[in-house]
Structure formats: structure tokens, C-alpha cells
Amino acid sequence: MTRGYLIRRLLAIFLVLAIVTFAVFAITTVLPGNAAIMILGEYATPDAVAALERQLNLDQPWYMQYFNWVAGILRGDLGMSLRLSLPVSQVVGEAFLNSALLGATALVAVTVIAIPLGALAALKRGTAVDLAIGLFSYLGTALPEFVTATLLLVFLAAPNSGIFPAGGFVAPWGNIGGFAYHVALPAFTLGLILLAHISRQVRSEMAEVLSSDYIRAARLKGLTERRVIRRHALPNSLAPAVAVISLDIGYLLGGIIVVEEIFAWPGLGRLLMYALENRDLPVIQAVTLLLAGVYALSNLISDIVIAMLDPRVRYA
Amino acid sequence: MRDFFSSPTAVVGTTLLVIVLTAALFGPWIAPYDPQAFHPIARLQGPSAAHWLGTDQFGRDLLSRILHGAPATVAFGVFATALGVGVGSVIGVIAGVSGGWVDSTIMRILDGLLAVPDLLFTLLIVTMLGGGMEHALLAVAVAFTPGMARIARSAVLSVRTRDYVRAAIARGESGFYIVSCEVLPNALSPIVVEATIRVSFAIMIGATLGFLGLGAQPPSTEWGLMVAEARQFMFRNPWCVAIPGLSIAMAALGFNLFGDALRDALDPRRSH
Amino acid sequence: MTPSLNPAVTETTKPALAIRNYSLSYRTANGIVAALKNIDLTIGKGQTVGLVGESGSGKSSMAWSIMRYLPPNAVEDGGAIRLAGEEILDYTPRQMADIRGRRMAMVFQDPSTSLNPTIRLGEQIGEVLMRHRGLTKVEAMQEAEAALARTGITRPKEMLQRYPHEASGGEKQRVVIATAFACEPELIIFDEPTTALDILTARQILDLFNQLREETNVSALYISHDLGLVSRVVDEVSVLHKGGIVESGRVDDVFRRPKADYTRQLIGAVPNPDRWIGIDAPANPDPLISLETIGVHYNAPTMLQKIFQPKEAEKAGFWGAKNVSMEVRKGELLGVVGESGSGKSTIAKVLAGLQDFDGKLQFDGKTFGSRKDIDRAYRRRVQLVFQHPDASLNPRQTIGTIIGRPLKLYGIVPADKVATRVAELLEMVRLPADYARRHPHQLSGGEKQRVAIARAFAAEPDLVICDEVTAALDVSVQAAVAELLVKLQKETGTACVFITHDLNLIRQLAHRIAVMHHGALVDFFDGPDARADDRDPYTKALLDAVPVHADMEAFDVA
Amino acid sequence: QSATPKPGGILKISHSTRIATLNVLNCSGPAEYPVVDMIYSGLTRMGPDNKPMADLAERWEASADAKTFTYFLRKGITFHDGSPCTADDIVATFQAILNPDVPAAARAVLNMIDTIEAVDATTVRFNLKTPFADLPISTAHANARILSKAALSGPREKLDTTANGTGPFKLETYDSARMVRLVKNENYYIKGKPYLDGVEMHLFPDLAAESANFLNGAMDVMLTVQQADFERITAANGITAKRIPSGRFVNVTMRQDQKPFDDVRVRKALAMSVDRGLLVDIVLEGLGRPAYDNLVSPEFQYAIEAPEIAYDPEGAKKLLAEAGYPDGIKVTLVASNRPAIRAQVAVALKEMAKPAGFDIEVETMSHDTYLANVWMKGNFYMGYWGMQATEDATFKLLLTSDASYEDTAWKNAEFDKLIADARSTTDSEKRRELYAKAQELQLKDTPYIVPIFEDILTASGKGAEDWTIAPLSRYYYVENVWLNKA
Ligand SMILES: Nc1ncnc2c1ncn2[C@@H]1O[C@H](COP(=O)(O)OP(=O)(O)OP(=O)(O)O)[C@@H](O)[C@H]1O
Ligand SMILES: Nc1ncnc2c1ncn2[C@@H]1O[C@H](COP(=O)(O)OP(=O)(O)OP(=O)(O)O)[C@@H](O)[C@H]1O
Ligand SMILES: [Mg+2]
Ligand SMILES: [Mg+2]
Ligand code: NI
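Residue numbers (this note's numbering), protein chains in the order written: chain D, 1 to 316; chain Y, 1 to 272; chain S, 1 to 558; chain A, 1 to 486.
Hint data in this document are derived by calculation from the structure and do not stem from the laboratory.
Only a predicted model underlies this, so the values are computations on that prediction, with no experimental measurement involved.
Warning: the hint list may mix true and false statements.
Unchecked claim - Some chain A residues judged to face chain Y by a derived CB distance under 10 angstroms, without partners named:
(1) Glu186
(2) Asn187
(3) Leu207
(4) Ala208
(5) Gln227
(6) Ala241
(7) Pro245
(8) Asp281
(9) Glu285
(10) Ala335
(11) Asn337
(12) Asp359
(13) His367
Note that the Cβ used here is the ideal one computed from N, Cα and C, for glycine as well.
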């Protein structure tokens, strides 16, 4: 992993982001309707729409809008949200923070649970434990988030059995308990699919590692089973798991859209849906930019982690 | 084949798949009622002799709706995947076979597209096209294309350096023969396996779009939409949410299990 | 060297290992398969016993039984395995874990897979010491360094910090051996420890083993299918055939006066350089194909790189072959030998038109300056057989299709005669005609290799290049394949380039021998002159490394 | 009602749509209205009885010809920032509303104003171009609340996120993604009110999550209850669920300058193919009333009772045949997917009209596409309108030739004249007559099918007293709400 490599990767990310934003801009401008119509809704009169369009600069040709937008970005100004009349950086920034809290909680929890679970399944291959974990994983991957979330709402958060709040957001600063209480269900919903995915990956990788010659060699050296598993088997099964996790972050970024909607989590996913519905172009742009950027960056980080986990992997 | 069915995964997966595909192919004919017909006196009922799976808010028969929705839901997954896999594979094979700058150009573009998460990508395309089933299908297909192209390319690459391909090159075979007779048949299995598993993703994404109001639209009987429509009534009649929800899970599970079993069965390490 | 290792201290009352009437079988989909039958085997203190037998005879199963590390589907059918008199069959897994690595250790065939790729070599040696001798990390590292030093590694301290992929095959095997010897065990099992190494390295490892054995007076079970090699290191030998020991005794006795037919057969399959099996040298030494200053630059720098980063471009890539000139005569068999990575396959690929090259290729009056010039006619007349039969046959085609393809492609016979010709070809390589309908996976390795050869000869070529065609095969099968090749050469008069690292084998077959080293042609001589004094030092080293027991050379089965 | 109000406490209101803007001039979201209603006051305001009541204006006078109106303001009203609210602010506000460069939703009901003048600090005079008796109702328009002159002359975007009103509550935090918090305005013009220390508006985009949070007591008020949930919520312990009959309706737009709806018989046939009672049952869960194509619901002062239209597919079929469609008609009915009621009615209509020979294909699309491509353009689609303040506003919205959303191309000079005459008439009986005639004209021609009137549903939890909504919606009277918590 050389510096040159890192720089090249980062440059590639910028290029990708540039392409993505241009594509999104082009896409959104061919859409019927615009923010002004959406803001005023059915109760607006044509002259009010025209007035608002002028106010929002929507009467300019799209390439001018894009040009202005890019010029703004280069000055560090993401513009104003058309629908919310707030600086995009503020709207998106807050939402991103909230989403990151949710996503990170889900990811960390999932990683912490999924890896041992997958390892356990591999160790107990063919037993009831393996079967149970397998069934759970399969079910996890087959239930779409909106179904899981709905079921959770009915069974765990319904007012009658209200173990958990039915959505809502509490910031963790100074109220970590409240945060944990509110984040539990959405994080679980998000995590379920990833849990299944990662634990299955770890299981198959671990199973392969366990049948490898060097594990056999380690056991024949008389090492304790603990050491064989922790020092020899686990680290070697992790690199592929990390690759999967980074891919799953992409999935997570999609998953938040549904989960945030259902659990009233004020994050990027919901903001994006809202912005799409309202043709709030600057917000759509910023959110896509951010999501794509996060995804690309997480891929880069995962490559770095993999290189750290596995000394054979070298990027130049 | 006997080997294939010796794994429980394969048996369960195939069984689920048969059920789901039967529903998808013959559902509309075996449905006891017109899926749109109202039965105002029997609204929001649980399972009964007259309505085996109960009814929804208009008193429409859920079993009939599920059966009618099967083609929409499953065919959506299958066609979206087929389209994405087809186009993706062609791109991937072209990249893998030609190598050089063609390969690297294609790969750079794919990398760019892959940088956008699947659902986000789909969402953007769907909103661009304005929602609806066909547009959602197209969007899922487009979203699948880069990933599939990658898989196809790597399958081709791994086959391309095999000795039997090199033997064909050394014999002086034409490029067409090499690709169609030596490379493709052997590169196909990872593509098929991935495609099978992706059908389940496609079904889930399709249902999610239906749920978000960007996919199928009323009065369609697509399952995701059915869940969305029934959610308001979930406390009054949990069946009308659970049934389509579980149907989606069943279809996704079926394809998932089947794909996994297929992967195991086709895994060269296992077959030796 | 610690005092306890002094041979005087060891007693010789009880054998280090005694196996009595031991049987083992595996449960498989096709029922129970017996792997070991009524085995009796004794290894005395300080003694080394060899275990030989063809692939699948049960050698590794024996090793696993002793180490008490059997797969879940193994079924033991009684008997006794005693380590210094203690019945280890009754040991709990815990007790076994305690004695593994401490009282008995094992060295595997492939050092590159038996070392954990993500752990530094030092830790992999040290962990045994920490586990069994209760050393601290620092002590363990010092001890590991000493152990490595004993195996002849020049800079042991540095080696401790490396990862497996940063060490060569020989170095890795030394690490494994150092690990095995680390706790001064009573018994070490070697399961084909040199098979995966190239010939020179294997020789060094063998010497190392002999040296350490003398120093430590350890008892050892040495497993190999290579009789020549075993005869070099062991005192006694047991011959295993289909799970049963057919013969055992002092190594000289067994090899000189084999009692069992199977032993005789095994010995017969060992290539003997003095027993010529090739065809007579062709009468007219006209060149068929000649290579002129052939060079192959792998990962060559691109044009852009040359312009913008001239310094780095110079270092970029790797010369797989450089400045190689030689010619192949009509009808002859040219042997190409050299250690692993010396560029043998590179030359084969150039000849087969699979590799871009610098320099010139002359064939039948035509000159080819680059790979792209090579035409269909050339490709028909030069055929290639690969090392791995598994990989060179398309798993999705039938044998008939595979062999029939060149017939159709080059229009060798009319379309309606293809099937007949395929049958003839199968017969030529001594396979039943009905194999045409089978798929490759229904054939054994040797059979697959015959199919590959049949496919090459189907084109009626002038030259067949055989790239280590016997390397992946069992000893006995190796000999048969080599003989088949000779037979075909005799029948068709085709010239052959035979690539191998087995010098004994090549000396039985080749009219002329080319020796390659680090991509260069270092020696080129007539077969009988192999032992001549003016040979290149590298050639001499290769010849010396060949593991043939002095006694065996005198032995002749015929 | 039973107990005397206690001051103090924070009222938590849950809602399911975003409060995207606080700009009272053009806000339109269902959750935006309660917020502006709490922050801002109007010159007048609509009461729960659907009559204009005093707000900043203590009283008003109209000239005999209904062309000049004089409003007299309360004394000593101040904005939340402490600055006084005078006639100048009133004038500035209405001038802004009338300014074509300003997006203002209330312009349509106030465009008869010619000039506004500040007579003195507490007196404002409106001079109208044409007589208009209902001006006090128009000045009560929810988007015609009084802004300060300073705010109006500042950058207009600031109105979206900040607010300086004269209402009972002041803006404290505005987080459109989550929560808007308001605090008591100590200087509200009614002494002792509001009772509450503050109000929080919490956003729950998912309806199930919203009801769950309301039912488990995390929220005090559920702004809008879904029909499907009403029964369950009513049944819950301590919950006061309110059902307020309203003139909110769903309508089927049929363009009359295009086939097949150019023929009144086709429209009538479709009208006969709707089982309105059943529609109320299955779409509204019984929480509404059947409507018989009259845009004006019984709540209106001058509403006539429209004759019942029985569900008669046979008759409809005959009528269709007469109109030249013996084999039925194939049409595509477009519905936006938001709110769900549009698609539900469309789907139900499809089934109900089937026996009559209408082969209706329902095409549901996302709201944005609908707004851009179908609304005001299509020839057969679902509309959905909230109750307007007056008959005049209703007709001027949809039916007169110069209506703001004249989307059926139904033009009737006689109708236009009746509406114009009613405008300038101050005599109540006369107006009743004029409006009755207008309604009959409309019913005769069936420009729209209006199958149902929807009730407004809201609920308050244990301890939240005197919560109510006007049938017009958009008016909430939160200054009267108080918390009766132990
Ligand atoms: N786990 C197992 N299950 C079933 N059969 C097995 C298993 N392991 C080995 N065998 C069979 O037992 C026989 C002996 O195998 P073993 O590995 O001991 O042979 P070997 O002499 O070491 O061969 P090689 O020289 O190829 O290493 C073979 O026929 C093999 O197929
Ligand atoms: N495609 C390639 N790209 C880069 N380097 C290569 C490539 N193929 C071979 N090499 C390198 O070129 C050298 C010569 O390789 P070659 O395969 O000719 O050796 P060989 O003599 O056939 O060895 P072996 O006995 O192991 O088959 C080796 O060091 C190898 O690593
Ligand atoms: Mg073995
Ligand atoms: Mg080679
Ligand atoms: Ni060398």
C-alpha cells in the first residue's frame, strides 16, 4: 500500500463523484415538474409558481444551474435547499450525522455479533447450532426491511407491548440511554440483513480456513483450541468479511431509506426521499454526493484494512 | 443431480421455488376469486373457509391477490435480473475477452457506477423515469448491470487462463469458437449462481419500491404494494400485512437457498 | 545444543513407536472404505523408518492415525498405537494436544500451505515453545532464532520477522522443520516433505534432515512415494499397498531383494538414467525449428511508462527467458531441464505461439518475428501438451469432442471419419474406444494425460511439446506415460520437446538435453554426455541433487 | 369544559408530514397550518362554527354596496420581538399578498381588493374593485396572516425558517426533519392565554409509528387520525377522538371539451355507477358522508340538499347506450398516490362502474409526476380538495369560468353571473336564492362527480383538554388547550 496508490484511489473517487453528480443533475432536470410546483402543490396558482421559480432561479437553463452549483461547490457552498430554505450544508449535515449514528450503531452491533456467530457456525458445522444460525441468516436475508420493520412495530413497539418506542430520534450527546432505547429497533432492522450476510460469509470463509493445512499444522503443534481459533483461524477469515462489510455499507446506505422512513429517524435516507419527491435538486445532489462518497471511501478503507489483516495483499 | 438433492438447502430451496414459480405461472388460473372483486360484507377478515387467507380493506380475497401478484412480483425479479445479468454479462464478457484498453475503460466506468449503492441507484432511476412497474424493472436491471459485468468478467478471466483455453489458442482456433465453446460454458456457472441469488434481491428491491410508492401502483397486486396498502390495517387484521410480507420472504428465500445450493453443487472443490 | 539431546542419555528399552494390528476405514457415500489393514510397524529409538507406496495407498492415513488427527468419517477398527510404550489410542483430545508438538511432531508436504500466511514466521515457531515449554515471548523468540540457525538459515533473526510469502519454498520448509524439532520430540513424522520443492532445494532439505537426525537422535517416520529418495534417508522401510504392508525390512534388503511383486513393480517404475528407453537418434540431424535469441519480458513496461518513468520502467517486469537460442531436430526428443522458475514453460509457450517474444523463430524455412505472425499451418504442426491434465481438458466436452476437435479444425480426416479416427487415436494411447463418450472428470489423472497426448497427436504434428507431462502423476503412472510417448514417437516420427525437472527420467529418453537457469540456456549437450567433465556447474549440481541411492543404481529389475 | 383550565405544560402534537416551511404566505402542508396558526394571527379568523371572528381586528364595518371595508385593530398588540403591530403592518401584508412577484396562496381569494390604506395606527380600509360581501372571511384565509412590515421588506427566504408573529406562541426551534418547538407568547392579546407553556410538533412519517407513539402516551395530540385507525384509537383508554364533519371531498375530474365526457349522459351514467354509501364504508370506514356531486357540503350556510343519486348500474348502462356507447366505454382514470384516498376511490370506482359498462383502467402515479403531467391537463383524474371558507371560494376555485383551477372546461355564463351577483349582494336571503340556483345548475350538468365528504379526524390523549379543529381545518385554537395532568 503505497502513497501513490492512495492518491490514485482518492483521485478516482473524486472523478466518480463528479460523474455521479453530473448524471444526477442531468437526470433530475429531465424530470417533469420542479421544486416550485412541488412547494406550492395543488393549491398554487400559475403566477405564484412562476414567481417562486424566479425566486429559486429555476427559470435558468439546466446547464447554467449545474454550472452555478459546481461553482458553489468549489467555493465550499452547497447552496440552499429549494424546499426547506435552509443551507444545504446544514440540512444535509444534520441528517448525515443522524444517519451515521444509526448506520454506525447497526454496523458495529452487527459486526460484533455476526463475526462470532459465523465463527461459531463454522466450528459447529453440521450441528443443530449451525442449522439454527443458518436458518436465522436465511430468514434475515429474505425479509425486506419494510416487512421486518412492520413486524417489529407490531410486536415490540405496539402501544400494548411497548418495549421499545415506535420510532423517533434522541441524540446521544448527554443522553446515551435514550439514544440506545430509540436506536434499537431501527438498528436491528438494518442489521438483520447484514447480520445474515456477514455471518454467512464468515462461516464459509472460516470453514474453508478451518480445513486448511495451516490450521491442521497449528493443531498438530499441540496448540490449545482457543489459540488455534483466535490467533490462526479468525484473523484469516476476517479479510473477506471486511470486504463483505464494505459492500454491505452500500446496502446499508440503501436500507436507511426505508428504515428511517418507518422509524421517523431524521437521517439522510428520509431527506433523500423527501428531496426526490419535492425535486429539491441541491439536496438530492448533496445527498447522492455524500452517499457515493461514503461508499467509495468505505471501500478504500476496507481495502486498507484488508491489506493490514493480510500481509500478502499489497497495493501499488 | 442426486448429489444436489442430498443437501437440505437444495431440497428446501427447490420446494419453495417450485411453489413460488407455480404460483407465478398458474396463479391467475387457480385463484378462487377475481383479485379485484369487492366483498364488502367480508372486509378485513382473517382466514376462513370462504377466504383461505382472509380479505383486505375492500374485502378482496387475499389468496387470489397473492396468486395474481405472484407473476408481477416474481416475474419482476426474474426479468429485472435477466435483463441486468444479460446486459452485464455481455459487457463483462466483452471486457474479459478483449482485455487491454477496452477492458480497462469498461472497468473504470463500471467502478464509477458501482460507487452508487444499489437501492439509491434504483431510486434515482425510478424517480427519473417516474415510477411504475416497468420503470422499476428497468431501474433494477440497470442497477444490477455493473455488478454482473464484474462477475462475468472475472469468471471469464479465470477461465481465460485455463490450460484448455490456451490449448485452443495454441491450436489456432477462431476467437468466436474460443469464446462460445471453451470460455462461456465454463464461465457460466458463477454467472448463473449469482443470477439466481440476485433474483431474490430484485424481488426485495421491487417490493421495497412498491412499498415506497415508486414501483407497482394500485390496483396492482404486487406484494410489496399489498404490504404498503395493508399497513394501515395491520392492527385490525395483521393477516393482510403478514401474508404478502411472508410471500415476499418465501420467494426471496427460495431463490436464495436454491442459488446457494447451486453454488455448492457447482463448486469444483466439492465435486472432486 | 542442549545436553538432553545427547544420544547417550536415551534408553532403548521401549520402541519410540509401536503399531500393532491397526486398521482404519472411512465411511463414504459408497459405504465403508478400508484405508489401513492390520498394520504392524515399529520405530526404535533414534531410528528412521520409511513408508513407501503409490498414491492412495494409505500413507497419509497412517500419519494421521499416529498423530490422532483423523477426519470425522474415519473409523478405527482396533489395534494399538504406542508412543514409548503408552497407548495413545486411549488418550483424550486434551492429552493429545499436550503431547503433539512436544513429544511428536509432523512435517507436511507443502510448506506454503502449512504455514499461516498472516502470522510472522517467528511467532509460528515461538508459539510451540511458549505452549509446551512455558517460555515467555522473548525467550521463545531467542530459542526460535537458535532453532532456525540450526536449520542453516543464514539470517535467522531477520527471517523471524518475515511472513511466509516473503520466504522461498526451501526457507519455509526449514521453518516447518525447525518448528517440528523445536521441542525436541521423540518422534517426527515426515509426510513427503520435499515433493513440493524443486530438485536442488529438496536435496538441501534432505541433507538438513539427515544432519538434524544425527544431532538429536530423534525417531522418525519418513513417508514418500519416491523410492530413490527414501533409500537415501531411512534405515528400515515398509511398503504399503492398498492399505496393507506388503513388505518391510532393512532398506537394502527390500530394494535389492524385493520379495513382494508389488515392491518389484514399484522399483521398476523408478527412472534409471542408465536404462535407455527412448528411440534411436534420427539419422539426419536437420533442424526442424530453431529459436534465435528468444527473449520474453513479462509485465514489460508500457510505452507511456518508458517515456514518463524511464527509471522505473527499466526495473519493471521480469525476463522469463533471455537470449535463448537452440534448435530442435526432426524426429528427435529434446529434453529441457532446470529448476522451478528457470523459464522452461516460457520457452514452451513461445514455441506453441502462446507468448509474445523478442527474437526470431524459424520453422520449415519460414521466419516468425513475433507471436502474431504465427499462422494456422504452424499451429497445426506444433502441438502442446500441458502439465496438468485436469486443467487442459475442457470439463464440459466429451473426450470424443476433445480429441475430434483438431481433426475437424485442420480437416485431417473427412467429417464422417472423425469418430473412427478418434477411436483409433484412443487405441493408440491405450484407452478403450468407448471413453469417447465420457467426460474428463470420469477419468484418472494418467488417463486424462493420455487423452491430452492423443489430442496433440491427432493433428499429426511435426513437433509435440510436453511441458512436465508426468509431473502431476504417480510414479508408476509416470513411467507408463513416458513409455507411451516414446511409442508414439516411434510410430509417427514426430519430434518432441520434453520439459521436466526429473533428470533421471530425461536421461532415459532424450537425445539432447538443454539446461535452463534463471531464464538463460546454460548448457546444451547430447544425452550420453551428461556426466562429462565440461558440463556447466549448474548442470552438475542438478545431477548431484538427484536422489538415487548408490545401491539402487546397481540394481536392475529387468 | 368541566374543569377550569390550568396553565402550564408542554403539549406534544404528532403529525406525519414535514413542516417544510414557516412562510405563512405560501405554506400548504397539513402540519404547517397548525404551526402558522399558533404563531400568527390574522385580521380575522374562522371560528369553529365556520363564521369569521375577530382576531387582530376587534370589529369591522362594510359599506352598503359591499365595496369598502374598515377594520378596527385591537390596541397595543405587539409582535413576538416586542415591536408594535400597527395598521402599516396590515397594509404591508396585504400588499405583499397582492404582489404578483410574491408567491402567495391567498391572492386568489383577495384579488378583488383594489387598494388598502392605513386610516390611522389602528384602522385599515379596504377598497374593492367589485362588491364582495364575504371579505371578512377572505381576510381570515389561513395564508393571509399578518407579518411585520420589517420582515416583509427583508430577504424573503427568512420567512421560511424564522417567524415573528402576533399569535399565542413564539417559535423556539425549527427542525423540519424532526420537531418544531413553540413557546408561550406572554404578551398575547388575550390575557391569561395561552394556557400552555409550549407546544412541540413531532414528525412521524410512518403512520403506524405515529399512532403507536400517540397511544403509548409519548404524544398528547395526534393531528390527523387515519380512518383505519380511528376505531382502535377511539377505543383506547383516556383518548378523546374527534370526528368533525367537513366539506373536504374527493372529486372525479372529467374534461368536457373532450370525448367521452363531453356528453352529459356519460357523466350522469358514471354518477349513477358510484355506490356512494359503500364508498363511505370501505374507503372512509364510515367516517364521512355520501355526497351527491354537490361541491358544497351541508356545513355551508347556503348549501342546498342535493337529491340522492342511487347506485343504478342498469340505468347507467342504458344512459350510456343512449349516449352512443352501447358496448361501454374504456377510459383511464389517473390518481396520484398521495394521499392514498385518491387511489382507493379510483380503485373502488373501477369495480363499481364495471357492471354499468365502464371499463376503467386505474393508473396510479407518484404525486410529483401527477402534478407535472396530469393535474390540470388530464381528461379523467382524481382530485382532492379541502373545505373552502365560502361558497364563493369553492366555486371560484373550480367552477366559474375564471376559477383558479378550472380543470373541467365546464363553462356556463349563467352560473358565472349567479356567482358574481351573489358576491355583491349583502342580503342573506337573496344570496341563498342565488347560490341555490347556482348549485342546481351545477347538479344538472354534473361537471364533477363528488362521491364523498370526508370527516376530519383528530385525537387528544389523557389530560389534553379542549383540543379542537375547525371543519375548514387550518384553524386550531391552541390558545384554549390546556393540560390536565396530575
Ligand atoms: N477423509 C477421507 N474420507 C474418505 N476416504 C478417504 C479420506 N481420506 C483418505 N481417504 C481414502 O483413503 C485412501 C488412503 O488415503 P491417503 O491419503 O492415506 O493416501 P496416501 O498414500 O497418503 O496418498 P498420496 O500419496 O496421494 O498422499 C485413499 O483411497 C483415499 O481416497
Ligand atoms: N505470465 C507471467 N507473468 C509474469 N511472470 C511470469 C509469468 N509466467 C511466468 N513468469 C515468471 O517467469 C519465470 C519463468 O517461468 P516458467 O513458468 O517458464 O518457469 P518453469 O521453468 O516452467 O518453472 P516450473 O518448473 O515451476 O514450471 C518464473 O519466475 C515465473 O514466476
Ligand atoms: Mg498423502
Ligand atoms: Mg513450468
Ligand atoms: Ni538458482
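Inset, instruction - Hint by hint, work out which the structure violates, then give me just those numbers in ascending order. - result: 1, 2, 6, 7, 12
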